[in-house]
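Participant: So you can see what is in the structure, the chains are spelled out below.
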Amino acid sequence: MPHFILDGKEIQFIQGQTIIEAAAKVGIDIPHFCWHPSLTVSGNCRVCLVEIEKMPKLAIACSTLASDGMVVNTNSVKALSARNAVMEFLLINHPLDCPICDEAGECKLQDYAFDHSVGESRFVENKVHKEKRVSLGTHVMFDGERCISCSRCIRFCDEIAGVNELTFINRGDKVTIDTFPGKELSNPYSLCVTDICPVGALTSKDFRFKSRVWDMSSTKTICSGCSRGCNVEMWVRNNEILRLTPRYNEEVNSYWMCDEGRLNTFKSVNADIRVNGPHIKRDGTLVKAGWDEVFALATSELKSYNKSEIAVLGSAFATCEENFVLAKFAKSVLGIKNIDFAKHEKPNSGDDILIRDDKSPNSFGAELAGIHPLKDGLNFQNIMRAIDEKKIKALYLVEDDLVSLDEDYKKILSKLELFIVHSSNFNSTTELADIVFPAATYAEKNGTWINFQGRIQKLLPAVMTVEMDRSLDGMAMSRLDKFGTEFDRWGKSKKMNARPIWKIITSLANALGTKYKYQTSEEIFDEMSKTIDLFKGLDYQRVGELGVKLNVTTLAKVKV
Amino acid sequence: MSIWLQILISLVQILFTASIILVTVAYLVYFERKISAWAQNRIGPNRVGPYGLLQPFADVLKLFFKEDIVPHAANKPIHTLAPILALVIALSTFAVIPIGPPIYIFDLKIPLVVADVNMGILYILALTSVGVYAITFSGWSSGSKYSLLGGIRSSAQMISYEISMGFSIAGVLIFSESLRPMEIVNSQAGFMWNAFVQPIGFITFVVAAFAETNRLPFDLPEAEPELVGGYHTEYSSMKFAAFFLAEYANMIIAAGLIVTLYLGGWQIPYIENLGLSYTLTTSLQILGFFVKMAAVLFFIIWVRWSLPRFRYDQLMNIGWKVMFPLSLLNLIWVAILVMLMN
Amino acid sequence: MAKKKRLKDLSLLEQIYLPEIVKGLALTMKNMFKPSFTMEYPEVKFEPGASYRGRPVLVMEENGDERCVACGLCSRVCPAIAIEVQANDTDKEKERYPERFEINMLRCIFCGFCEEVCPEEAIIMSKDYELAYTNREDGILGLDKLLVPVSELQERIQFLRKYK
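Chains as they are written, first to last, in the numbering used here: chain Y, 1 to 560; chain A, 1 to 342; chain B, 1 to 164.
Incorrect hints may have been included.
No farther apart than 16 Å at their CA atoms in a straight line, the calculated lysine to aspartate or glutamate pairs in the EDC-like style are these [what the hints assert, rightly or not]: (1) Y:K210 - B:E137; (2) Y:K495 - Y:E240; (3) Y:K205 - B:D91; (4) Y:K132 - B:E137; (5) Y:K343 - Y:E431; (6) Y:K337 - Y:D351; (7) Y:K132 - B:E95; (8) B:K92 - Y:E431; (9) B:K94 - Y:D292; (10) Y:K9 - Y:E53; (11) Y:K78 - Y:D97; (12) Y:K132 - B:E66; (13) Y:K494 - Y:E523; (14) Y:K210 - B:D89; (15) Y:K210 - B:E99; (16) Y:K205 - B:E137; (17) Y:K132 - B:E93; (18) B:K94 - Y:E53; (19) Y:K492 - B:E137; (20) B:K94 - B:E66; (21) B:K94 - Y:E240; (22) Y:K205 - B:E95; (23) Y:K410 - Y:D388.
Footprint (simulated), chain B over chain Y, 3 or more residues, beta carbon under 8 Å [claimed, not checked]: (24) 276-287; (25) 475-483.
None of these hints come from the bench; they were simulated from the model.
None of the values given here were measured: they were computed from a predicted structure.
C-beta: ideal position from N, C-alpha, C; glycine also.
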């Protein structure tokens, strides 16, 4: 394999790789602004200048192909002074308004100014002033002064989103970014430009001035928006989710995620209409009740129906573990055969980039965990029909808003004699329920989801319920979380009285006389890896941050 | 003189002496704070009453309303007994200190001393020895290491310094040829004060008196930086007040003893030569006693705010290697004097 | 530093110790007649100099606006985590303003880091040292209590410009 020398270190590369690529592969970071591993090379920022022996001038590492035996220096006097000079040039017209810039703390320019700059400017003339508050689209705000014209956003729109929306206008120091006439930055991936913008020129309107990045904790988890299951970081301050950012996973979402997933999936966790504590219907309205009271009621009610009169609906939004415990509960404790879950497909809503038709994150997992009708059991459509015909009188539903699927279900579900729902938020389905268990959201529990590729990925809790503790449960903690007390206003965060489905089912099974001993979601997963072939040999550690693809050949046989 | 009249006179004397001590203690505390403030360029108590004069009463009232806390590990009866013992001993020691020559009311000769006993000095030595028990008891019964250490230090200190104190007093007794405090005072007529006749004895006695009353620079039993509060660490409310009272009462007694034994008691040199009436002379003499005592008390306080505390080894060094030989030396000096005078 | 005197270095007179005691007594006696330094607080109030670091306050411009841009640097640098800032959007030139700015005086240690780090000279250590509260909530000061007109803070601002 060919190799070259980088700062005295031998680095192997594949023919055709640039110096910066080959270095990045082995974890060496050569300073760069305009270069991005997923975008074409532009070579305009000049900060990656390196000294190559036997070359008369410095070369940019991002567009110089590595060749065998090349000797590259990033820290030679020449390279260093060139980098300092580039930084000085870049900072000439940069407003240095870090105090009011949302990018501060995760800004490449800030970092490099710290690492590679002399710290003083010799520029005494007036800076060029540009528009500071330009709305480029529904979600993105543009600050012309901060822009260093690296063209990453332009290349993203052209190459990844596949729409030509952004371009440079004007020349020289007046150059700035704008949308093409009559166009807006409105592609479904527009917020990705705020991620790749190396400075604070492009920022999210949704997150604008919400929080400094260092005040938040970040948790590596999965987006719940569709069956893609994009890897994300969930940023939380004061027990409230403030933003999601994509997390690199080449197999699933690369560096990107869609605006829909980024903006609209976590809001239900922060919503005011969360189910806080168990509820029972009394005189037509849902009223709060104690856990023990609700368990007692649910047990006695469930006991009063024939096995054929009960149906259980799992959920493509619940985790594999929860669906597994639910299926086990339905089969062995309730002894019923009518088990299924509702699909949430929106035909033709997906695209070729990331967005999928299936709007639920775990339909694969629900199926695999055992949520499917047993022999002679009814499937979802037939269960609904049976309810309509009053053959099925009791329905146990977890984490699914059936009425949102079809308004007609409202009429059907109201025919039920007993309707138990696990739900994280109040919605038109819970209105019809007799008992509502508060369900912990995907941001409040451990568990796994399986995406459309058959990749099992792990959820981590980022938000506390009343039964959780950030430090004891090993959740991500910000500085405020670490040092806050109950006497600080920012320590008094909103916490929901909610439990993951498996925990409630475990209590219910115990109340019905079958001892379940699950203490954590991981214990359930370990049991699954013993009983389900596809999960064999897996545990949470092996699933890890990036997930594991299940055996596809076997997977094909499972019909979904 | 009927027995009832004697009892009545004694009771009046006791009441008078006790109230004098208590009031003096109160204002001694006040002046201690004032003097310390002056020495440190501060103002001192000035909030309660004019010039803060009511401060002692406010303090007592505060202590009175405080919760009485007894530690779980304490030996309760002895924990309660100790402060009472301390106070009783402190108050009863004053019984043998004469504050003036006998006075005559309706031809009744009333000695200005509660008990004009012929072994008064022995009585004082005996009582001060018992005083150690109060501190040792409190230290042991509190069930706290600070208290225990304070108690142990206190007993060691008292035993060490009682020897030089005893020898110093012996010098005085050889001179006066009596154990009766009245006689001792009488023997110091004119300028024959023991302080001048046997200065070494005077110094050793004063130093021993400081040590016996646990005053700085000898306050090791309650050394705050080391022992929190020493033997009274675990005391609160009025029990603490009793110790506090006893400590200051002991100071007054020490001052009274110094005046009686070394500074001529109530004697004012050559006052009888002025030809004043008996009543006036007596009054002046009583006043003289109190003025002398006040001076000594001021000196005790003044020393406290000037000198730092000794280390424990220094304390023992001085006690055994300096004070004890000095007091022996004093005894020899007195013996020589007596021989020469005869 | 003066050389430490050991016991063996002492002269006979010093070893006797009594003269030294008399010296000490004389010193305290001398001091008893000197005037006292005590300031009788509630009646007489201490007026601190410009270098004094009292309660941190926010500068209010002449037009009534706060100077703060809610950058949160004070909050970040605060070693006691006494400051909480919530920024929001404004149409004014500064773009960003503190929607909520709270200093928990029960946490504050008066180190002055917030003042030092502030890029806008917007948080200033005032001379206010009378900070007693009867409950925890009162100790958390919001914008209403924090904003102080810039004219009242000139002395400290001048001091900072000179020495910071």
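Participant: Taking the earlier hints as the rules, which of them does this structure contradict?
Facilitator: Numbers 1, 4, 5, 6, 8, 9, 11, 12, 13, 16, 18, 21, 24 - these are the hints that the structure violates, sorted from lowest upward.
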